[in-house]
Amino acid sequence: MKAPTPAEARPMPPDAAPAPVACGLPDGRWHPAEIAFWLLPVAVFFLLPDYLILGSQVLIAGLFALSLDLILGYAGIVSLGHAAFFGLGAYTAGLLAAHGWGEPLSGLVAGAAVAALAGWLSSALVVRGGDLTRLMVTLGIGLMLFEAANKAAPLTGGVDGLSGVSMDRLLGLFAFDLAGRTAYVYSLVATFAGFLLLRRVTCSPFGLSLRGMRENPRRMPALGADVPRRLAAAYTLAAALAGVAGALLAQTTQFVGLDVLGFPRSAELLVMLVIGGTGRLYGALVGAALYMVAQDVLAGLDPVYWQFWIGLLLVVLVLFARGGVTGALAAWVQRVRARP
Amino acid sequence: MARLAGVLFDGIAYGSLLFLVSVGLSVTMGLMNFVNLAHGAFAMLGGYVAVLAMQRAGIPFLAALPLAFAAAALAGWVLERLLYRRLYRASHLDQVLFSIGLTFMAMAGATWLFGPGQQPVELPDFLRGQVRLGGLEVGAYRLFLIGVVIVVTLALGWLVARTRFGAQVRAAVDNQQAARGLGIPVDRVFSLTFALGSGLAGLGGGLGIDVLGLDPAFPLKYMVYFLLVVAVGGAGTLRGPLLAALVLGVADVAGKYYVPQVGAFIIYAMMVLLLVLFPAGLYGRRA
Numbered sequence: 001m002k003a004p005t006p007a008e009a010r011p012m013p014p015d016a017a018p019a020p021v022a023c024g025l026p027d028g029r030w031h032p033a034e035i036a037f038w039l040l041p042v043a044v045f046f047l048l049p050d051y052l053i054l055g056s057q058v059l060i061a062g063l064f065a066l067s068l069d070l071i072l073g074y075a076g077i078v079s080l081g082h083a084a085f086f087g088l089g090a091y092t093a094g095l096l097a098a099h100g101w102g103e104p105l106s107g108l109v110a111g112a113a114v115a116a117l118a119g120w121l122s123s124a125l126v127v128r129g130g131d132l133t134r135l136m137v138t139l140g141i142g143l144m145l146f147e148a149a150n151k152a153a154p155l156t157g158g159v160d161g162l163s164g165v166s167m168d169r170l171l172g173l174f175a176f177d178l179a180g181r182t183a184y185v186y187s188l189v190a191t192f193a194g195f196l197l198l199r200r201v202t203c204s205p206f207g208l209s210l211r212g213m214r215e216n217p218r219r220m221p222a223l224g225a226d227v228p229r230r231l232a233a234a235y236t237l238a239a240a241l242a243g244v245a246g247a248l249l250a251q252t253t254q255f256v257g258l259d260v261l262g263f264p265r266s267a268e269l270l271v272m273l274v275i276g277g278t279g280r281l282y283g284a285l286v287g288a289a290l291y292m293v294a295q296d297v298l299a300g301l302d303p304v305y306w307q308f309w310i311g312l313l314l315v316v317l318v319l320f321a322r323g324g325v326t327g328a329l330a331a332w333v334q335r336v337r338a339r340p
Numbered sequence: 001m002a003r004l005a006g007v008l009f010d011g012i013a014y015g016s017l018l019f020l021v022s023v024g025l026s027v028t029m030g031l032m033n034f035v036n037l038a039h040g041a042f043a044m045l046g047g048y049v050a051v052l053a054m055q056r057a058g059i060p061f062l063a064a065l066p067l068a069f070a071a072a073a074l075a076g077w078v079l080e081r082l083l084y085r086r087l088y089r090a091s092h093l094d095q096v097l098f099s100i101g102l103t104f105m106a107m108a109g110a111t112w113l114f115g116p117g118q119q120p121v122e123l124p125d126f127l128r129g130q131v132r133l134g135g136l137e138v139g140a141y142r143l144f145l146i147g148v149v150i151v152v153t154l155a156l157g158w159l160v161a162r163t164r165f166g167a168q169v170r171a172a173v174d175n176q177q178a179a180r181g182l183g184i185p186v187d188r189v190f191s192l193t194f195a196l197g198s199g200l201a202g203l204g205g206g207l208g209i210d211v212l213g214l215d216p217a218f219p220l221k222y223m224v225y226f227l228l229v230v231a232v233g234g235a236g237t238l239r240g241p242l243l244a245a246l247v248l249g250v251a252d253v254a255g256k257y258y259v260p261q262v263g264a265f266i267i268y269a270m271m272v273l274l275l276v277l278f279p280a281g282l283y284g285r286r287a
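Each protein sequence line maps, in turn, to chains A and B. Going left to right, the first sequence walks through residues 1 to 340 as our numbering numbers them. Going left to right, the second sequence walks through residues 1 to 287 as our numbering numbers them.
Hints are computed from structural coordinates only; laboratory data are not their basis. Using N, Cα and C, we set each Cβ at its ideal position, and we do this for glycine too. Hints are not guaranteed to be accurate.
Claimed, not checked - Label-pair ranges, simulated between beta-carbon atoms:
1. A:V333 / B:I59: 58 to 66 angstroms
2. A:L319 / B:N175: 27 to 35 angstroms
3. A:H31 / B:Q118: 52 to 60 angstroms
4. B:L82 / A:V297: 29 to 37 angstroms
5. A:W101 / B:P120: 45 to 53 angstroms
6. A:Q334 / B:R164: 49 to 57 angstroms
Here chain B stands alone, though its shape is the one from the complex:
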């Protein structure tokens, strides 16, 4: 029983990390209808920035995370302005090819700069080891992870539901043309949203070094997971991807724990099954 609870807890921690990285992808897909396979590259960028900040500049872990967010957000903003913007109206094939190209370049660049190996991360003392939580021994870092994601999710929910910017985003998702007609600066909303999504991915990449690892193959290795969260959860919402990420995280951890010989098979089978059962996502995706 305790073991089951442990697996559940690890799965939830893993799932919330997946949510943090994927939520930006969900928004860009919902808002701009852009299939961005390079989303993992922004997470990788965040991870490397965090590692660099800690190793070279001696910045503590907690202070390195905002840097990861800022770097990825900046990269996202610049790329959106320069490149992504030109392809909003292009076919999905073009978008896929373009973002695969970006992913390849990011992976080659990371190998060139940092070498092909895994990057280590020094966690501060209070995040190491185990903590007792209601009679259950859980990893302190995973608890911290869940806490961060809860805070970020609440903040995002507030941003989307309560602020003027959130209203503009929702209007642009629902009907871009009408939103434009009402004077909403849709282009600027796009840029900001893209930057925010990339920044969250970067934050997730920095937070996830200890859980997901960090090497140049990162964007391809986890691409499926990020896409899956969005495809199953439905693009353009917060609740859908959150639910999908949690389900996915628990299933993946449980699968690896209970039937390790099947390996990653379980997650791919689940993905196909879920897509067939819910072609429009768990919460229904807008076209």
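Pulled out of the complex, with its shape left as it was, chain A reads as follows:
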């Protein structure tokens, strides 16, 4: 991939975009707030040992949301079928483990590889056409995979789900325990690794060019960027990360349900990302955490009410709070800084 020179990939003026994390060309320096943010999940491991199972679910959802943020928040591709890649990763890892290959890390890699392949194949369909076509194609691919998994019951278990997933010890040392300690650390490390990768990618000239394509798809080709190829690369990378998230879920819960591929999961993911704020990476993590914790707390309520409140929240967010939580936070920080 040919990188544009820095001058070509100048970030857009701040009023054009939901202002990204101040990130010029790569310097890789970490803001103290970022370090503090990542110390939180570490603290959870020691302080809240009873919540580690929920914690690993949050981390997996966070990784999944991060992968969507790359294509939606940065490249501007509206996807309604991102769960397809999550499900592919989950079924790949789950099927491997159910048929005797219980080594976790290679399962993770296999999940990522299958999802990436599917992402690469489908990217040719997705990057062409306008928003509506993309929306429909991603939705269609997601629904097709769902139907395929549903009909291939002998292989996937259909609606009953894939059981009999048994994992070996992680690195040959740590067994997956009932309290979820191994699962939590495993998910945390994987999510952090995914985050590091995305942080690097989004601050690179390639990441800046993605933002450029979102802001002005006509101008980027004029600047010499091969738009379809770059979008395809971003889409494939996002698919691979979603596959990792799916594989993590399959391995840590040792079960794969048909719902990993369902449309509700794709919609849920959009909700998480929008709650947190798109195009900032941290928004994906914050949104996933808020969503999962709220769902856990409100699980005692009727799921119907949950759906209603989520719907209302979406409407309100779109009408009144476009940037989500991190957007509001960034605006607040800016206001405080601007004060003399």
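We have chain A; now place chain B onto it with these hints.
Only chain B this time, still in chain A's reference frame:
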């Protein structure tokens, strides 16, 4: 041969129902460039109003249908004025999220009010059973369905091609700015068109209870079909969605009849294929 004709007939009936529901979506997408995933919710509203009118108020089926139309049109008009209007200039992502939110609320509301089950519909006697039509046994209700849709389509065609309102709609679709400049009340045209589209969806929802079923999951279950009709047919026209809906209806019924083990797969595969082959819709979509 007779079986093939039967499948074809059922497919056409199904397709014309899809057209009736989707035509409003096609117009809102063409006119306002608004991706409205909540369109199915208006159809669901029409369905529930029809069921309520028949069960609670004892209104006959044929009289319940205009009520379904009116209720959905009113809901569409109010929502357009209050909410949709603010998002015409928003990004497609915002529109998608907003309309998914509305859909969720509608589904939860329907579950809360009517419970999660399927709603039954009592058809009048003359619409039940089979009718002989040129040596072919066809469902009376499906024949009625096709008849209604033909009438509605002709009326719509007349409205768009012959009336002042239709001319205003066409002008607004072609060039909103110029239309505004010529003094066409584009905002009012938008509201009325949205209400009309929602009303037609409601009518389709009421008519479709017997064919599509009616439960709170309705808006999500058929969302793909409605979107597909518009995406394949091209937004902002009548002919495109009609053709697309018929093709889709026949393909879906034929697929379910001849290869039931593949299930809904066929329709999704077709959708991706058609979108790839005709990225601009069968009749070419305006940007």
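Verification of the supplied hints:
1. A:V333 / B:I59: 58 to 66 angstroms: 59 angstroms, holds
2. A:L319 / B:N175: 27 to 35 angstroms: 28 angstroms, holds
3. A:H31 / B:Q118: 52 to 60 angstroms: For H31 (chain A) and Q118 (chain B) the Cβ distance comes to about 55 angstroms; the hint holds.
4. B:L82 / A:V297: 29 to 37 angstroms: For V297 (chain A) against L82 (chain B), whose Cβ atoms are near 31 angstroms apart, the range 29 to 37 angstroms holds.
5. A:W101 / B:P120: 45 to 53 angstroms: For W101 (chain A) and P120 (chain B) the Cβ distance comes to about 50 angstroms; the hint holds.
6. A:Q334 / B:R164: 49 to 57 angstroms: 51 angstroms, holds
In terms of the numbered hints stated before, the structure departs from none.
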